[in-house]
Amino acid sequence: MTDIFDSVKKMASVDRNPYLDAAIADGSKVIGYFCSYVPEEIIHAAGMIPYRMRAVDNRGTDRGSVYYSAINCSFVRSCFGKALEGDFSFLDGIVFSNGCDHLRRMYDNWRYAGTGPRFRHMFVAPHITGDTALVRFTDELRGFAGSIENHYGVKISVDALKDSVRLYNEKRRLLAQLYEYRKSGEVPVRGSELLSLMLAVTMMPAVDAINLIRDVLAAVPGRAVSGKDDIRVYISSGCMEETAHLELIESCGAAIVADNLCLGSRHFDTIADEEGDPYESLARRYLRHLSCPRMMNSFKQRLDFLENAFSEYAVDAVIAEKLKFCDLWGGDMYLMKQESRKKRFPILLLERELYGGGDGQIRTRVQAFVEQVRNKIYSETGMVRAAGAGYRTSGK
Amino acid sequence: MKGIYGWKPLHIMRISRILFILIFIFSRIPRFATLLMYVLRPLYVPTTENLLNRKFRYGLLTMGAGLLTPDTFRAYGDGALAFVENFTDVLRAEKSGKPLVWVEWILNAEILAAFDVTPFCNAALNIFANVESMAAPSQIIEVAENQGTPVEYCSAMKLNVGAYLIKQIPAPDLIVAGSHPCDTNVSVAQTMEYLTGAPSFIFDVPYWKDDESFRYIERQIWDQIAFLEKHLGKKIDWDRLRKMLERVNEFNFYLGEICEMHKAIPCPGTMINLGYAWVVREINLKSPHALKMAKGLYQAVRKNYLAGRGIVKREKVRVLLWFPPIAFFTYIFKWMEDEFGAVIVADFIGQVSTVPIDTSTNETMIRDLARTQMHLAMGRQCHGPVEFITDEMERFFVDYNIDCMIFTGHQGCKHGWAAAKIIRDICGKRKMPALYLNLDIMDQRCLDEQGVKNEITKFFREQGWG
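Chains A and B are the protein sequences, given in the same order.
With the first letter of the first sequence counted as 1, position 287 gets the number 287 in this note's numbering; the numbers rise by one all the way through.
With the first letter of the second sequence counted as 1, position 432 gets the number 432 in this note's numbering; the numbers rise by one all the way through.
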């Protein structure tokens with residue numbers, strides 16, 4: 001019997017879903033966007049559907065690599081390959097971002113290839129979070145809204161934008177509520193299931209997304225998916241959309257309970273202020289929400305978030321990941337490793353290609369890590385792992 | 001690898017300082033010095049490094065290996081003295097009690113001149129590590145890699161991290177860093193702040209280059225002044241800044257004129273002049289000797305220009321060297337001139353296209369300093385859309401009557417490689433012969449000096465120029 005989680009997983013495995021198709025059939029316009037720093041509310045307030053760009057269901061990096069190179073990340077190559085194949089022909093517009101070097105060249109290559117849609121906007125987010133950057137970012141948001149208004153001949157009223165802020169805040173609250181459940185001893189939702197949900201709700205109308213999250217929330221009470229011996233893991237990474245990858249980690253005895261992922265906590269962290277000027281409110285929210293390492297003065301914020309997760313989610317260990325050739329997450333992993341030595345928390349650093357296989361290798365590493373962490377837990381709690389066969393309580 | 005960990009702190013800066021003192025001394029007798037360098041060429045030009053030439057080969061090759069004119073070499077001596085001044089200040093910073101402030105290489109260090117601190121370009125060893133030995137840059141990069149910094153980082157930044165870890169660059173009291181030209185810079189700025197514990201001021205470099213972007217940088221310079229005043233416990237000295245910027249204007253004028261004169265056929269100057277001047281700018285623009293060097297270089301090129309004389313007797317090929325120059329092979333300019341009559345007339349780094357700074361008020365100084373910062377080499381091309389790279393490239397094709405382009409495809413440069421097809425197609429459409437090198441500009445483990453020579457030789461032969 002299929003449950004809501006199976007349905008969500010199915011939705012996440014393709015680049016369109018019935019909700020999106022229905023909205024398109026009703027005449028809604030869809031705007032693709034690339035980064036956690038692009039405010040969905042502005043697209044929504046213009047009466048359109050924000051669609052988080054993805055590489056699911058891609059046919060490899062071959063076509064994208066013609067424009068990019070072997071030292072560019074597999075996400076941009078796969079995603080751009082999909083664009084060249086016409087997989088995103090349903091989009092009415094696309095918003096690029098200066099999220100990273102690979103991504104900012106997407107704007108250039110996309111224009112150069114002459115691939116649709118006609119509305120192509122470069123959205124620029126600062127790399128710092130101070131007041132000067134906030135003012136600049138607020139202007140950027142206004143400019144973005146103006147750009148949509150001019151191109152599509154629509155008006156984004158302040159009231160409409162405030163309504164969108166409230167709606168997206170609702171979505172964030174519901175997602176936060178879902179995360180709350182992961183604090184309990186028996187984890188009711190897998191990390192892979194949440195990633196599926198995030199993939200699904202970032203490609204459908206916001207109202208449908210909210211309803212879907214509510215359905216998931218309703219199915220959570222009484223559910224338990226973690227094993228008795230599972231270690232509780234915090235996962236951090238940039239672009240991650242392979243649910244199978246998280247399933248693999250979870251199958252090794254790791255329950256993912258908290259994260260710093262684009263399609264994870266960063267998507268719903270920090271509620272936007274519903275009072276006052278909505279542009280200023282959105283600028284504050286998007287600039288200062290849980291950051292990714294493209295933000296140059298926010299490592300402490302990320303670290304504080306992690307430390308908080310240790311206490312609130314009873315995290316045992318950290319898995320930090322990056323795609324190959326990602327300088328930003330590579331640097332963050334280096335800093336996390338330094339912190340793990342100082343504060344003595346277990347950390348596993350993984351590098352992968354998007355949908356790049358290597359499952360056996362990853363499985364071996366995760367299994368070994370889980371084993372180490374378990375041993376550490378048992379040692380610290382007076383339990384000693386016996387070689388190959390369960391464990392016993394030492395000294396009792 | 002044993003040797004590298006045995007180096008005393010700031011060992012490379014000390015030997016570089018000695019080298020530049022010698023260069024300065026010899027530059028006062030430029031005819032004799034260039035003749036001597038020419039006579040000694042068999043000891044260091046055709047051979048690679050050995051026990052005899054290790055400590056001076058890179059220096060002599062960078063100084064043109066006896067192929068520079070005496071007046072040009074004299075100007076290099078002034079530049080060398082600017083290096084010596086900064087390195088002396090850095091080596092004595094602890095004793096002098098002056099705060100030492102790191103400034104990233106494509107940011108303005110000018111503002112620091114108004115605070116009486118010791119500025120230090122933390123990328124200095126990108127060039128000067130080669131003075132120690134041909135192997136030193138790779139060894140320092142390995143230190144960073146072994147400590148866990150990502151191997152795919154731009155090697156220039158890995159070299160900075162490695163140099164800090166083995167105490168070859170001084171610890172800072174403050175750091176001024178920025179978000180361009182690439183992600184490695186964004187990432188390493190955070191690493192350095194973490195490792196050093198020094199308070200950092202970060203410039204968020206805008207994507208576009210319009211009035212709003214200039215104003216944004218301008219506002220950040222005001223923030224930077226507040227940051228420096230807070231951490232240094234003193235107020236900015238506007239008169240010092242004014243004097244500094246007046247020198248900067250003059251410096252930029254001379255170099256800008258050289259760039260203009262390079263458009264002449266035959267080209268009256270060698271591009272290493274502008275590359276060298278760029279390094280002087282990075283290290284110690286506040287020195288009066290930097291200005292003296294710029295003026296000297298300008299006069300030397302102008303003399304050729306007025307006489308209609310080229311830097312080589314028979315100019316066969318005019319080359320655009322596009323993307324960052326090869327740090328370990330600074331002799332590429334004179335080598336190509338000498339070997340093929342091929343003159344690099346313009347490149348990515350040496351081109352000066354800054355705006356004059358209006359020093360009439362404090363506000364105009366900061367306004368124009370912001371614009372200057374956005375026009376610095378590498379910064380101006382690498383922070384925004386690909387057109388910032390390709391428009392300048394295509395303009396140079398025309399303005400400098402370019403016959404071919406050599407693209408220095410640097411291993412760690414993700415955004416550069418992500419634009420490679422666009423660049424290739426532009427050259428293809430224009431029927432511009434182009435050589436796409438796949439190398440690492442800092443690390444000879446990827447493609448060494450001889451490898452670069454081989455590739456270029458093969459390319460020139462294919463074009464019928466070799």
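It cannot be assumed that every hint is accurate.
Per the computed footprint, the stretches of chain B lying under chain A, defined by three or more beta-carbons under 8 Å from a beta-carbon of chain A, are [claimed, not checked]:
(1) 30–40
(2) 150–163
(3) 177–184
(4) 347–353
(5) 408–418
Taking lysine-lysine and the DSSO-like style, the derived pairs with C-alpha atoms no more than 30 Å apart in a straight line are [unchecked claim]:
(6) Lys95(B) x Lys167(B)
(7) Lys295(B) x Lys155(A)
(8) Lys209(B) x Lys337(A)
(9) Lys55(B) x Lys453(B)
(10) Lys429(B) x Lys458(B)
(11) Lys167(B) x Lys343(A)
(12) Lys230(B) x Lys263(B)
(13) Lys263(B) x Lys300(A)
(14) Lys429(B) x Lys316(B)
(15) Lys313(B) x Lys342(A)
(16) Lys98(B) x Lys235(B)
(17) Lys167(B) x Lys313(B)
(18) Lys243(B) x Lys98(B)
(19) Lys316(B) x Lys458(B)
(20) Lys342(A) x Lys167(B)
(21) Lys9(A) x Lys171(A)
(22) Lys98(B) x Lys263(B)
(23) Lys167(B) x Lys300(A)
(24) Lys292(B) x Lys95(B)
(25) Lys300(A) x Lys431(B)
(26) Lys155(A) x Lys171(A)
(27) Lys324(A) x Lys243(B)
(28) Lys235(B) x Lys263(B)
(29) Lys29(A) x Lys171(A)
(30) Lys230(B) x Lys300(A)
(31) Lys421(B) x Lys458(B)
(32) Lys167(B) x Lys337(A)
(33) Lys263(B) x Lys234(B)
Because the hints were derived from the structure by calculation, they are not lab data.
Even glycine gets a Cβ: it sits at the ideal position worked out from N, Cα and C.
Going down the list of hints, with the structure as the test:
1. Proximity of the segment 30–40 of chain B to chain A, defined as three or more residues with a beta carbon under 8 Å from a beta carbon of that chain, is not established by the 0 residues found.
2. Residues of the segment 150–163 of chain B lying with their CB closer than 8 Å to a CB of chain A number 4, which satisfies the three-residue condition for coverage.
3. Under a criterion of three residues with beta carbons nearer than 8 Å to beta carbons of chain A, the stated coverage of the segment 177–184 of chain B is upheld, 5 such residues being counted.
4. Only when three residues or more bring their CB closer than 8 Å to a CB of chain A does the claim for the segment 347–353 of chain B stand; here the count is 0, and the claim is violated.
5. Given as covered by chain A, the segment 408–418 of chain B passes the check, having 6 residues with a CB less than 8 Å from a CB of that chain where 3 are the minimum.
6. Of the supplied pair hints, the one linking Lys95(B) and Lys167(B) holds, its CA atoms being roughly 17 Å apart against a limit of 30 Å.
7. Using a Cα cut-off of 30 Å, the hinted pair Lys295(B) and Lys155(A) is violated, with the two alpha carbons roughly 58 Å apart.
8. Restraint check: the Cα-Cα separation between Lys209(B) and Lys337(A) comes to about 37 Å, which exceeds 30 Å; the hinted pair is violated.
9. At roughly 22 Å between alpha-carbon atoms, Lys55(B) and Lys453(B) fall within 30 Å of each other, so this suggested pair holds.
10. Annotation: proposed proximity of Lys429(B) to Lys458(B) holds, straight-line Cα distance about 23 Å (limit 30 Å).
11. With a C-alpha separation of about 25 Å, the suggested pair Lys167(B) and Lys343(A) falls inside the 30 Å cut-off, and the hint holds.
12. For the hint pairing Lys230(B) with Lys263(B), the CA-to-CA distance comes to about 46 Å; that exceeds 30 Å, so the pair is violated.
13. Of the supplied pair hints, the one linking Lys263(B) and Lys300(A) is violated, its CA atoms being roughly 50 Å apart against a limit of 30 Å.
14. Distance hint between Lys429(B) and Lys316(B) is fulfilled; the C-alpha atoms sit about 23 Å from each other, no more than 30 Å.
15. Taking the CA atoms of Lys313(B) and Lys342(A), the gap is near 63 Å; set against the 30 Å cutoff, the hint is violated.
16. Straight-line distance between C-alpha atoms of Lys98(B) and Lys235(B) comes to about 15 Å, which keeps the hinted pair within the 30 Å bound.
17. For the hint linking Lys167(B) to Lys313(B), the alpha-carbon distance of about 46 Å lies beyond 30 Å, and the restraint is violated.
18. This hinted pair checks out: Lys243(B) and Lys98(B) have alpha carbons roughly 21 Å apart, not beyond 30 Å.
19. This hinted pair checks out: Lys316(B) and Lys458(B) have alpha carbons roughly 16 Å apart, not beyond 30 Å.
20. For a cut-off of 30 Å, the pair hint linking Lys342(A) to Lys167(B) stands: about 21 Å separates their Cα positions.
21. A threshold of 30 Å between alpha carbons decides the hint, and for Lys9(A) with Lys171(A) the separation of about 19 Å falls inside it, so the pair holds.
22. With a CA separation close to 44 Å, the supplied pair Lys98(B) and Lys263(B) exceeds the 30 Å bound.
23. Proposed proximity of Lys167(B) and Lys300(A) is supported: the alpha carbons are some 25 Å apart, at most 30 Å.
24. Note on Lys292(B) and Lys95(B): the hinted pairing holds, with a Cα-Cα distance of about 29 Å set against a maximum of 30 Å.
25. Our distance criterion of 30 Å between C-alpha atoms is broken by Lys300(A) and Lys431(B), whose separation comes to about 51 Å.
26. A distance of roughly 24 Å separates the Cα atoms of Lys155(A) and Lys171(A); the hinted pair therefore holds under the 30 Å criterion.
27. Between Lys324(A) and Lys243(B) the CA atoms are separated by roughly 48 Å; this puts the pair beyond 30 Å, and the hint is violated.
28. Using a Cα cut-off of 30 Å, the hinted pair Lys235(B) and Lys263(B) is violated, with the two alpha carbons roughly 44 Å apart.
29. For the suggested pair Lys29(A) and Lys171(A), the alpha carbons sit about 21 Å apart, so the restraint of at most 30 Å is met.
30. Proximity of Lys230(B) to Lys300(A) is assessed by CA-CA distance (about 21 Å); at most 30 Å being required, the pair is judged to hold.
31. Only pairs whose Cα atoms come within 30 Å are accepted, and Lys421(B) paired with Lys458(B) is accepted, the gap being roughly 22 Å.
32. The straight-line distance between the Cα atoms of Lys167(B) and Lys337(A) is roughly 21 Å, inside the 30 Å bound, and the hint therefore holds.
33. Of the pairs offered as hints, the one joining Lys263(B) and Lys234(B) is violated, with about 46 Å between alpha carbons and a cut-off of 30 Å exceeded.
Of the hints listed earlier, those the structure fails to meet are numbers 1, 4, 7, 8, 12, 13, 15, 17, 22, 25, 27, 28 and 33, in rising order.
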